[in-house]
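Participant: Chains as they are written, first to last, in this note's numbering: chain C, 12 to 461; chain B, 46 to 206.
Bear in mind the hints are in silico, worked out from the structure with no lab data behind them. You may find that some hints are simply not true.
Straight-line Cα separation of at most 16 Å, EDC-like style, residue types lysine to aspartate or glutamate; simulated pairs [to be verified]:
{"no.": "1", "chain 1": "C", "residue 1": "Lys430", "chain 2": "C", "residue 2": "Glu396"}
{"no.": "2", "chain 1": "B", "residue 1": "Lys121", "chain 2": "B", "residue 2": "Glu108"}
{"no.": "3", "chain 1": "C", "residue 1": "Lys137", "chain 2": "C", "residue 2": "Asp211"}
{"no.": "4", "chain 1": "C", "residue 1": "Lys63", "chain 2": "C", "residue 2": "Glu134"}
{"no.": "5", "chain 1": "C", "residue 1": "Lys287", "chain 2": "B", "residue 2": "Asp162"}
{"no.": "6", "chain 1": "B", "residue 1": "Lys121", "chain 2": "B", "residue 2": "Asp172"}
{"no.": "7", "chain 1": "C", "residue 1": "Lys423", "chain 2": "B", "residue 2": "Asp100"}
{"no.": "8", "chain 1": "C", "residue 1": "Lys204", "chain 2": "C", "residue 2": "Glu396"}
{"no.": "9", "chain 1": "C", "residue 1": "Lys287", "chain 2": "B", "residue 2": "Asp100"}
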Amino acid sequence: MKKFKLILNTILILFISITKSFSLVEVDITRGNLNPLPIAVSPLFQDNKSNKFFEKELEIEDIGSEISKVIENNLKQSGLFNPLSKDAFLQKPDIAHLKPRFEDWILIKSQALITGKVSAVNEKLKVEFRLWDVLAGREMLALAFTTVPSNWRRVGHIITDKVYERLTGEKGYFDTRIIYVSEEGPKTQRIKKLAIMDQDGFNTKYLTLGNELVLTPRFNPTNQMVTYLSYFRNLPRVYLLDIETGIQEVVGDFPGMTFAPRFSPDGKKIIMSFAKDGNSDIYTMDIENRIVEKITNHPSIDTSPSYSPDGKFITFNSDRSGYQQIYVMKSDGSNVKRISFGKGLYGTPVWSPRGDLIAFTKLHKGKFYIGVMRVDGKGERLLTENYYQEAPSWAPNGRVLIFYRETKSNDKGEGFSAKLWSIDLTGYNERMVVTETDASDPSWSSLLSN
Amino acid sequence: MNLSKILKNTFLIILLSMVVSACATKKTATIDSQIQGDVYTGTDTVEYLAKGVPDRVFFATNESILTTMSRDTLRKQAAWLRDNPSVNVVLEGHADERGTREYNLALGERRANAAKDYLMTYGVAADRISVISYGKERPVDSGSNPLSWSKNRRSVTVKAN
Numbered sequence: 012m013k014k015f016k017l018i019l020n021t022i023l024i025l026f027i028s029i030t031k032s033f034s035l036v037e038v039d040i041t042r043g044n045l046n047p048l049p050i051a052v053s054p055l056f057q058d059n060k061s062n063k064f065f066e067k068e069l070e071i072e073d074i075g076s077e078i079s080k081v082i083e084n085n086l087k088q089s090g091l092f093n094p095l096s097k098d099a100f101l102q103k104p105d106i107a108h109l110k111p112r113f114e115d116w117i118l119i120k121s122q123a124l125i126t127g128k129v130s131a132v133n134e135k136l137k138v139e140f141r142l143w144d145v146l147a148g149r150e151m152l153a154l155a156f157t158t159v160p161s162n163w164r165r166v167g168h169i170i171t172d173k174v175y176e177r178l179t180g181e182k183g184y185f186d187t188r189i190i191y192v193s194e195e196g197p198k199t200q201r202i203k204k205l206a207i208m209d210q211d212g213f214n215t216k217y218l219t220l221g222n223e224l225v226l227t228p229r230f231n232p233t234n235q236m237v238t239y240l241s242y243f244r245n246l247p248r249v250y251l252l253d254i255e256t257g258i259q260e261v262v263g264d265f266p267g268m269t270f271a272p273r274f275s276p277d278g279k280k281i282i283m284s285f286a287k288d289g290n291s292d293i294y295t296m297d298i299e300n301r302i303v304e305k306i307t308n309h310p311s312i313d314t315s316p317s318y319s320p321d322g323k324f325i326t327f328n329s330d331r332s333g334y335q336q337i338y339v340m341k342s343d344g345s346n347v348k349r350i351s352f353g354k355g356l357y358g359t360p361v362w363s364p365r366g367d368l369i370a371f372t373k374l375h376k377g378k379f380y381i382g383v384m385r386v387d388g389k390g391e392r393l394l395t396e397n398y399y400q401e402a403p404s405w406a407p408n409g410r411v412l413i414f415y416r417e418t419k420s421n422d423k424g425e426g427f428s429a430k431l432w433s434i435d436l437t438g439y440n441e442r443m444v445v446t447e448t449d450a451s452d453p454s455w456s457s458l459l460s461n
Numbered sequence: 046m047n048l049s050k051i052l053k054n055t056f057l058i059i060l061l062s063m064v065v066s067a068c069a070t071k072k073t074a075t076i077d078s079q080i081q082g083d084v085y086t087g088t089d090t091v092e093y094l095a096k097g098v099p100d101r102v103f104f105a106t107n108e109s110i111l112t113t114m115s116r117d118t119l120r121k122q123a124a125w126l127r128d129n130p131s132v133n134v135v136l137e138g139h140a141d142e143r144g145t146r147e148y149n150l151a152l153g154e155r156r157a158n159a160a161k162d163y164l165m166t167y168g169v170a171a172d173r174i175s176v177i178s179y180g181k182e183r184p185v186d187s188g189s190n191p192l193s194w195s196k197n198r199r200s201v202t203v204k205a206n
């Protein structure tokens with residue numbers, strides 16, 4: 012468990028220079044991007060001495076090239092960039108990093124260029140990189156990081172975040188992780204474990220052994236804590252897990268089932284459902300002093316609560332109208348208003364980290380949709396339709412959603428699978444997120460470094 | 046196209062549609078006999094607490110209302126539990142796979158409690174009955190079709206000791 016202790020504070024961000032300039036290359040992310048920006052990611056250069064050191068330390072032959080692949084893959088997956096084939100590159104990495112010959116890069120139709128240098132400094136990994144506007148012939152960004160060598164993939168993610176932010180004007184979402192439920196075995200005896208991985212599917216770790224059923228893990232937006240539902244000793248209760256120490260504790264130990272947990276935006280409370288005598292209501296618990304507050308009080312099912320990012324409102328799922336619909340209320344439980352009025356049933360509302368939208372699952376005529384609506388319920392937009400999918404979770408910049416999708420099985424239960432998928436808020440760039448096993452209930456962390 | 050060819054094609058279509066309709070009739074008949082008003086009425090998955098005492102009741106989609114047949118089953122369970130006062134039970138509530146996970150957890154709990162309330166009405170003490178919801182996590186039938194789903198929408202009475 013200590014292995015994935017974050018080495019956040021060892022990452023030293025050395026600011027070299029940011030050239031702020033006018034009319035440089037930029038990417039519009041508010042619409043579906045059908046013309047991704049052609050970008051060249053030059054392999055990061057390294058000298059022979061450093062090369063030997065990292066080869067020994069990490070058993071990776073060319074760390075500079077591997078980091079550039081991490082960046083390239085991130086940019087490609089975002090759907091906003093088109094990383095060009097390295098075969099076409101004319102300039103050597105070391106020379107390009109000093110001063111690119113822009114004509115060479117224009118020739119291969121690249122509009123932006125990333126160059127960099129990797130070196131071993133006091134047994135640490137030092138990475139410098141630069142982002143160039145090829146057409147304007149100017150440097151846009153230059154940064155350097157020093158960290159422990161084993162953190163090399165994170166360096167690739169941080170560089171991608173910086174590039175994404177510089178070119179789109181919005182924070183990135185690459186130096187993040189996904190916690191999810193790993194699934195194995197037949198449908199009738201599914202084995203479920205908590206699993207965590209980097210946003211790009213690497214560094215998967217399993218946090219539970221599969222001895223008990225676990226569901227719906229969610230990140231604390233302010234740190235690396237997780238809340239989830241566990242059937243430990245056959246008592247479905249909300250738990251808290253510190254993924255740095257591996258310590259788990261029950262927090263929703265009420266006389267009945269507690270489920271559907273999420274953190275408040277300040278990370279200090281857990282909001283969840285408590286079911287007793289056939290009725291589910293929404294409660295909060297202060298993690299520090301364990302004070303419990305009852306938020307809803309209605310004989311219907313009230314579940315799937317999610318706070319607005321300012322903490323002033325809560326959206327939740329209730330069948331008080333007769334069927335599952337989405338509601339919004341003040342965080343003290345007053346002023347309850349139904350906001351979903353479209354055809355079909357609505358569930359799993361999640362407030363966007365930007366505050367302006369609520370993502371949801373919709374069931375209509377035997378099909379499941381992931382969609383978004385404004386917080387007043389207007390402007391419903393369905394992003395994707397499928398046989399079964401649910402439980403969207405927002406990327407920290409509010410531009411991408413991750414959710415899970417199940418396939419139909421035949422009468423013998425064959426053909427069933429559960430996988431993670433992501434889609435842009437624009438409805439474009441739908442992609443399967445590759446996991447080692449079947450997967451469900453994804454939750455996206457906030458940025459690990461800021 | 047000459048006449049004989051047209052005739053041949055028509056004949057083929059008629060023959061085909063006969064085959065299709067024959068299949069359809071047969072299939073509907075078997076499902077009808079096992080589902081009434083969206084509630085499973087068959088015995089495929091049913092086990093018994095004792096001779097003549099079925100262990101489970103079934104529900105319509107999104108519902109937790111007990112049907113006449115369910116109430117009959119629960120009265121048999123209550124009678125048996127009254128005769129066997131040392132036995133405690135767990136009521137396991139379940140949902141089918143066509144709903145969001147969290148809502149289904151609540152729905153399973155509501156279904157198991159509907160059964161619990163009925164057992165209590167027929168003289169089984171509340172402290173002999175505990176309730177757990179599995180939502181859609183533990184289907185008995187892994188198919189993705191209306192019959193499979195109807196078998197999975199259930200509350201099962203399980204001996205706890």
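Participant: Compare the structure with each hint and give your call.
Facilitator: Evaluation of the provided hints:
A C-alpha spacing of about 15 Å is found between Lys430(C) and Glu396(C), which places the hinted pair at or below 16 Å, so the restraint holds. Distance restraint check for Lys121(B) and Glu108(B): the Cα-Cα separation of roughly 22 Å exceeds the 16 Å cut-off, and the hinted pair is therefore not satisfied. Between Lys137(C) and Asp211(C), the direct Cα distance comes to roughly 22 Å. Violation of the 16 Å bound is thereby established for this hinted pair. About 12 Å separates the Cα atoms of Lys63(C) and Glu134(C), which keeps this hinted pair within 16 Å; it holds.
Only pairs whose Cα atoms come within 16 Å are accepted, and Lys287(C) paired with Asp162(B) is accepted, the gap being roughly 12 Å. Taking the CA atoms of Lys121(B) and Asp172(B), the gap is near 19 Å; set against the 16 Å cutoff, the hint is violated. Between Lys423(C) and Asp100(B) the alpha-carbon distance is near 24 Å, which puts this suggested pair outside the 16 Å criterion. Between Lys204(C) and Glu396(C), the direct Cα distance comes to roughly 27 Å. Violation of the 16 Å bound is thereby established for this hinted pair.
For the proposed pair Lys287(C) and Asp100(B), the alpha carbon gap of about 22 Å is over 16 Å, so the pair is violated.
Figure legend: structure checked against the earlier numbered hints; hints not met, in rising order: 2, 3, 6, 7, 8 and 9.
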